[in-house]
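Sequences listed follow chains A and B, in order.
The numbering of the first sequence is this note's numbering, which starts it at 1 and goes up by one.
The numbering of the second sequence is this note's numbering, which starts it at 1 and goes up by one.
The hints are simulated quantities; they were obtained by calculation from the structure and are not laboratory data.
Given the structure is predicted, the values throughout are model-derived calculations rather than measurements.
Do not take every clue at face value.
Only some residues are given here: those of chain A computed to face chain B with a beta carbon under 10 Å [claimed, not checked]:
(1) Y7
(2) A50
(3) N51
(4) L78
(5) V79
(6) V97
Computed list of chain A residues with no C-beta within reach of chain B, every gap over 12 Å [said to hold, decoys possible]:
(7) A54
(8) L57
(9) V72
(10) P93
(11) A106
Beta carbons: idealized from backbone N, C-alpha and C, even for Gly.
Spelled out, the chains give:
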Amino acid sequence: MGAEVLYANLLYIASLAVAAAIAAVSLYGVARKPNMVKKIIMLSIFGDTANMFAVLLGYRMAPRNAPPVIPVKGTEPLVNVTEYASIAVDPLPQALVLTAVVINLAVTALMVALTIQIYRLYGTLESTRINRLRG
Amino acid sequence: MRVMVLAWWSFLVGLASTLPITGAFSTPLLWVATRSRRLVRAWAVFFAAATMLVAAANLYHLLYVEPGRVAVYYFGGWVLATNYQVGIVYTVDALSALMGFLAAALVFAATLYSLEYIGEGGEEWYYTLLLGLLAGLMGVFYTGDAFNLFVMLEVVGVSAYSLVAYYRGDGRAVEAALKYAFVGSIATTVYFISLVIVYYGLSSAYIVVEGERIPLGTLNIAGLQFACRVAGIEGAVHGLNIVAPVAAVFISMAVWVFMTKAALFPNHFWLPDAHPAAPSPVSALLSGVVVKTGLYSLIRFIYTVYMPSRYAPVAEVTGVVLGVLVVAGALSSLVAGFMMLVQDDVKRLIAYSTVMHMGYVAMAVGLGTRMGLEAAVYHMVTHAVGKALFFFSAGMAIMVAGSRSIDGLSGVAEESPVAALGVVVAALGLAGAFPLGCFSSKLLLYLAFVERGAVLLAIVLIASSAMAFAAYSKLVYALVFKRPRGGFSGRRPGSWMRIVVLSFSALFVALGVFAPYIVGGVVSPVAAAVLSPESYYRAVFMG
């Protein structure tokens, strides 16, 4: 195994560890940060970490990581498709992520709208103060 | 690739969620084009009614025309095979059809009720969200794909969060909606992560058929069942050591998610804020069907995916999950019972009762017996009708009295007898009074617990019912026997609202009186369908 492959694989493992760490930090942020906007930022970070995790798991360690596009000449495939599928990166998690990104966008937009409404009604975004106002 | 010709009625399966989503997206366009409130309302009622008819046709077909059949619809014509699992398939067995019909019927009733309940200003957006909620619910109950379930849970979620915040001038409603949105979207994101893990894990295991490697990685529910089943065959799966931990991680994360969605202790904290803050017809839907998406998904994963496996580690995991459900269910009903006793806000009282009833259903599902499953299904039906009736009639009473506290509702019976009748029938029925709806389902629950020798669960059932009875008696006493305190709001409930409340009262009584026929004609076939997971698998992969 060449040095390049080794570095690529180390980078891959490091990114998985980083994803786990970010997920933990962002959940902490959602639970503990009093400011509504910070909570929403933390939640989108959590969602994006989940997406990154999905893409990372779809990736395969070198050297079995060809792009998931079958090489063709004209319309004839140049390789055995079944064999090629076993050395190519799995494209399905990317498709899942595409859907999840759109959903996260909708949820974030809704939350931001609700937060604006909270600010209009209470004049503050600190959740601790909002709870006190409610009594 | 397999080619197959679908029967005409299988298009009704595909129509069940595409019809309401069409209605949802066309409603605002119609409003912009015509600015006619009457047209928007008629449009919403039409789509809700049409969806209900489609759902009813599916239920009738699966119960009486072709009993034991599982209907499938492949979106986009992507027919699935075990070595070619691309595309989304809607797989409808009797349980899906029953839950779908329940959802569509409740949304239809809520739409009629809303015609007079929701005032001017933003009405078109209200019906858009209501139809969006219906589309999501039909998708959750009909889908045969675990990832599509995630998408549909989010559709339900986004519509539900917005509907909770419908009274956006009320800070408590907006705050409750935000809290609900945070909990809901964290839960669905965790579900997404669990799906990625199960997909990744299974795709590194494979079986060999005729010299060809077939990876097990899939997110189709029938495909997951296939993976769990072949794992039990000695030497069939290569890379087997990954299947058990993946199955365990997936189900433990998914159980947490669905317990949050179903508001089971200790993840019930969002429900008593979110459900009361919504407009009353929406509260009826949230407590009536939306929380049941969690329990439905649990039943689907436990009974359709995990139970058929003969693989020892998977069976072990299933046993643990069932135990967790029993414990969480018992704690939910007890905690909710205590909380009900101290509530002053009538809608919060009803919301805590939802936590209690979800606890009962979880206990029954956790028994893992046929009778437990029957009791769970029947209780989901009676609770949906009873809880919808409770919120519909309480909404009327609150409208008349202009107050949500129990004392503020004093003497509503004089002003609006229909509202009082609805509240009394719903309260007595949910507490388990003979011969109303939940009496028969609670009896079935009791028999299921005793049959399994779980006397402690039977005691929990009776004790929490007694607490609920005490909590309701305060409400019924205030409503019927107390003198009115001061004036009423002057608002009168409309005739559609009265019709909905009266017909749901009659339905709730009928669910109790005709219980033997309903259990024999609907609930038993549904339980039988859930307990024959092979037909679920066969329908998807072998047509």
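The hints, checked one at a time:
For Y7/A, the suggested interface contact is broken, since its CB lies about 23 Å from the closest CB of chain B, more than 10 Å. A hinted interface residue such as A50/A counts as satisfied when its beta carbon comes closer than 10 Å to some beta carbon of chain B; here the least separation is about 5 Å, so the hint holds. Using the Cβ-Cβ criterion of 10 Å, the hint placing N51/A at the interface with chain B is satisfied: the shortest such distance is roughly 8 Å. Given the 10 Å rule on beta carbons, the hint for L78/A is violated: about 20 Å separates it from the nearest Cβ of chain B.
For the restraint placing V79/A at the interface with chain B, the shortest Cβ-Cβ distance is roughly 16 Å, beyond the 10 Å limit, so the hint is violated. Given the 10 Å rule on beta carbons, the hint for V97/A holds: about 9 Å separates it from the nearest Cβ of chain B. Non-interface call for A54/A relative to chain B: violated, since the shortest CB-CB distance, roughly 4 Å, does not exceed 12 Å. Interface exclusion of L57/A from chain B breaks down, the closest Cβ pair being 4 Å apart, not more than 12 Å.
In this structure V72/A is separated from chain B by more than 12 Å, as the shortest Cβ-Cβ distance comes to about 19 Å. At roughly 6 Å, the least C-beta separation between P93/A and chain B is not larger than 12 Å, which violates its mark as non-interface. Taking the minimum C-beta to C-beta distance to chain B, about 6 Å, the non-interface status of A106/A is violated against the 12 Å cut.
The structure shown violates the earlier hints numbered 1, 4, 5, 7, 8, 10, 11.
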